[in-house]
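Engineer: One-letter residues, chain by chain:
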Amino acid sequence: MPVYPFTYRPFEGKYIRRFRWWVVFSEEVRLWNKSRVFQLLFLLGIIQPLIRFFQVLAYNSAMQDPNHPLAPLIRTVTWLKVDAEMYYHFIRLQAPSVLILLLFVGAGAICADRKNRLWEIYFSKPIHWYDYLIGKILAVCFAGYALTFLPSLILMFADYITQKNSSIFTLVNYLPLIWKSFLFSSVMVVPCALGIIAGSSIFPTENITVISVITIIVANTTLAGLLSNFLKDANYMQISLPVAVYFMGQKIFNITRNMFFRTEDISTLNILSYILISSLVFLFISIIQVRKAERG
Amino acid sequence: MGYIEVENLTVTYDDFVAIDDISLYIEPGIIGLIGPNGAGKTTLIRTFLGFLRPKKGRITISGLKVPKDILSVRAMVGHMPEKEVVSPKVSGVNFLVYCGRLVGMSYVDALERAHEVLNYVGLQEARYRPMQTYSTGMLQRLKLAQAILHDPKILILDEPTNGLDPDGRLEMLNLIKEIAEQRGVTTILSTHLLPDVQSLCNQVILLRKGKVEYCGSLKELMESRVNQYEITVQEPYEEFLEALSRCEVRYEILPQNKISISLPDGLDYKKVFECARLTSTIIRSFIPASGNLSELFQDSLQG
Chain A
1 MPVYPFTYRP
11 FEGKYIRRFR
21 WWVVFSEEVR
31 LWNKSRVFQL
41 LFLLGIIQPL
51 IRFFQVLAYN
61 SAMQDPNHPL
71 APLIRTVTWL
81 KVDAEMYYHF
91 IRLQAPSVLI
101 LLLFVGAGAI
111 CADRKNRLWE
121 IYFSKPIHWY
131 DYLIGKILAV
141 CFAGYALTFL
151 PSLILMFADY
161 ITQKNSSIFT
171 LVNYLPLIWK
181 SFLFSSVMVV
191 PCALGIIAGS
201 SIFPTENITV
211 ISVITIIVAN
221 TTLAGLLSNF
231 LKDANYMQIS
241 LPVAVYFMGQ
251 KIFNITRNMF
261 FRTEDISTLN
271 ILSYILISSL
281 VFLFISIIQV
291 RKAERG
Chain B
1 MGYIEVENLT
11 VTYDDFVAID
21 DISLYIEPGI
31 IGLIGPNGAG
41 KTTLIRTFLG
51 FLRPKKGRIT
61 ISGLKVPKDI
71 LSVRAMVGHM
81 PEKEVVSPKV
91 SGVNFLVYCG
101 RLVGMSYVDA
111 LERAHEVLNY
121 VGLQEARYRP
131 MQTYSTGMLQ
141 RLKLAQAILH
151 DPKILILDEP
161 TNGLDPDGRL
171 EMLNLIKEIA
181 EQRGVTTILS
191 THLLPDVQSL
201 CNQVILLRKG
211 KVEYCGSLKE
221 LMESRVNQYE
231 ITVQEPYEEF
241 LEALSRCEVR
251 YEILPQNKIS
261 ISLPDGLDYK
271 KVFECARLTS
281 TIIRSFIPAS
291 GNLSELFQDS
301 LQG
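Going down the list, the sequences are from chains A and B. Under the numbering used here, the letters of the first sequence match residues 1 to 296, in that order. Under the numbering used here, the letters of the second sequence match residues 1 to 303, in that order.
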């Protein structure tokens, strides 16, 4: 620990003008990384990836060894199969964990700064409102990807190394799956992160943000359920944002089995537009709030 | 050395005019920004920092235009806000490192600088404690530390001695004086505490209802009142007033037998006592009006 003199020296170092959002991003990650609650939520969130990891190991061992005691069982149980659909279900089932983790890391991202009057200090430094907002959004998205896309990559890697005939060339076979996992993770994580950040930018406290976001999701899905029940048309479920996200996942992974709608009537473009427009509205709300703080 | 030039500046909140067509030039030095509540002090500071957009007029800070070059302006300005700022679970040193990195310092530079500045403001023992455990005085020092962290050319301090005990206030004033004088940082001190301005500043800007009442040297402002006195007399004093009038002394009768007098140039204050002796009037107190910024402030506001 160096001993510093009790004087005030001029600063002679250099200033880094670019990628200021990285500072905001890294500070956010550093802050919630130290939190016990975050660590606990993250551990809960990686329970499914751990189970899937053992599923991959067990499936590949059993499938490659006809004499394996578990081979007959694994062959008959279809949901133990390791294929593209497994990755779809893996990411889909991560949704509750993602929502809870994102609520924890994102609900206070902006409102805590405003409540603690930190905006006045941060924006008196040479950063743009968009550096600040990009840093916050990317940090929240990163938490989401840490429970969806990153475990998918690990599962794919586990699958790759446990294959008997794996070589550097077979890695290429995973590229479509990597892309699909990334797309589905993004469709799930990005609107959720943007919605939470938008809530954080307009509501005064973390608790109110969490309650409001959960209320909006529940109300949205309840409305969709009520409409589809009363009007006897399952396609009204597309109003529900979570269902729309799951549907997009089905499309991304080419799963033809109908889970939510009478699929013959449903337009993928409509649902994609619905998710995109919702995300843009959330982004727009955040931009207005943060820009107002920086520029008046 | 930083300077600020303001030309015909008007800032409004919807229909309310907070700053009304003001022009001023802030020279390097320590400048006191004073005025009653709602005078427009904080609005002016927020406009300097680009948080508010002027409706009309021009601001130039060391040759850079606001809000056009606002990022460069913010890089050379250190701002200490008035209200309490706290990032509850973050330690003082981490908070400063974050502020330093926001300015554009590398992590290593920011960390080194944070330790150095925390030592300088006297928070060396508390640097690793979370900010939620800091007292008001410590938070004030931390706010000053983040403002001077990047070696600004201009320092804008909004009520820096708020909530400090007398010792803490003196230490804060000494720190500000040292930064301003030894490092040549142009310091704008917005405060309600006129003794702070009197002890530190060499320039004063007096704002009232969004207008500049006075902008200039504090010394000149004080000297402008060198021939003014406030006297208390015993009744009757009508003849005494007539005698003063004959000597071209201007006066104003105040409550409780007090009279504010202004002597013409060249007239010695002893002449007042002579008038009292000739009219058999008893003078119970005789106080020079200069030397007290509070009275100047009150006079300016009443005028």
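In short, the hints are calculated from the structure, not lab data. Where hints are given, some of them may not hold.
Here are the simulated SDA-like cross-link-like pairs (lysine to any residue), alpha carbons at most 25 Å apart as the crow flies [to be verified]:
no.	chain 1	residue 1	chain 2	residue 2
1	A	LYS115	B	GLN132
2	B	LYS211	B	GLU171
3	B	LYS89	A	PHE284
4	B	LYS83	A	ASN60
5	B	LYS83	B	ASN8
6	B	LYS89	A	LYS14
7	A	LYS292	B	LYS271
8	A	LYS115	A	SER186
9	A	LYS292	B	THR12
10	A	LYS14	B	LYS65
11	B	LYS89	A	LYS81
12	B	LYS219	B	GLU171
13	A	LYS34	B	ASP20
14	A	LYS292	A	LEU70
15	B	LYS65	B	TYR107
16	A	LYS81	A	ARG117
17	A	LYS81	A	LYS34
18	B	LYS153	B	LYS89
19	A	LYS14	B	GLU171
20	B	LYS55	A	ILE255
21	A	LYS292	B	GLU84
22	B	LYS68	A	VAL210
23	B	LYS65	B	ARG246
24	B	LYS68	A	SER26
25	B	LYS55	A	LEU43
26	A	LYS292	B	THR60
27	A	LYS115	B	ASP20
28	B	LYS89	A	ILE202
29	A	LYS292	B	ALA75
30	A	LYS292	B	LEU111
31	B	LYS68	B	GLU84
Engineer: Hint by hint, say whether it matches the structure.
Structural biologist: Going through the hints against the structure:
no. : hint                   : in the structure
1   : A:LYS115 with B:GLN132 : 14 Å, holds
2   : B:LYS211 with B:GLU171 : 32 Å, violated
3   : B:LYS89 with A:PHE284  : 30 Å, violated
4   : B:LYS83 with A:ASN60   : 62 Å, violated
5   : B:LYS83 with B:ASN8    : 29 Å, violated
6   : B:LYS89 with A:LYS14   : 29 Å, violated
7   : A:LYS292 with B:LYS271 : 62 Å, violated
8   : A:LYS115 with A:SER186 : 30 Å, violated
9   : A:LYS292 with B:THR12  : 15 Å, holds
10  : A:LYS14 with B:LYS65   : 23 Å, holds
11  : B:LYS89 with A:LYS81   : 46 Å, violated
12  : B:LYS219 with B:GLU171 : 24 Å, holds
13  : A:LYS34 with B:ASP20   : 49 Å, violated
14  : A:LYS292 with A:LEU70  : 62 Å, violated
15  : B:LYS65 with B:TYR107  : 30 Å, violated
16  : A:LYS81 with A:ARG117  : 53 Å, violated
17  : A:LYS81 with A:LYS34   : 37 Å, violated
18  : B:LYS153 with B:LYS89  : 31 Å, violated
19  : A:LYS14 with B:GLU171  : 31 Å, violated
20  : B:LYS55 with A:ILE255  : 58 Å, violated
21  : A:LYS292 with B:GLU84  : 21 Å, holds
22  : B:LYS68 with A:VAL210  : 38 Å, violated
23  : B:LYS65 with B:ARG246  : 55 Å, violated
24  : B:LYS68 with A:SER26   : 29 Å, violated
25  : B:LYS55 with A:LEU43   : 53 Å, violated
26  : A:LYS292 with B:THR60  : 22 Å, holds
27  : A:LYS115 with B:ASP20  : 31 Å, violated
28  : B:LYS89 with A:ILE202  : 23 Å, holds
29  : A:LYS292 with B:ALA75  : 20 Å, holds
30  : A:LYS292 with B:LEU111 : 31 Å, violated
31  : B:LYS68 with B:GLU84   : 29 Å, violated
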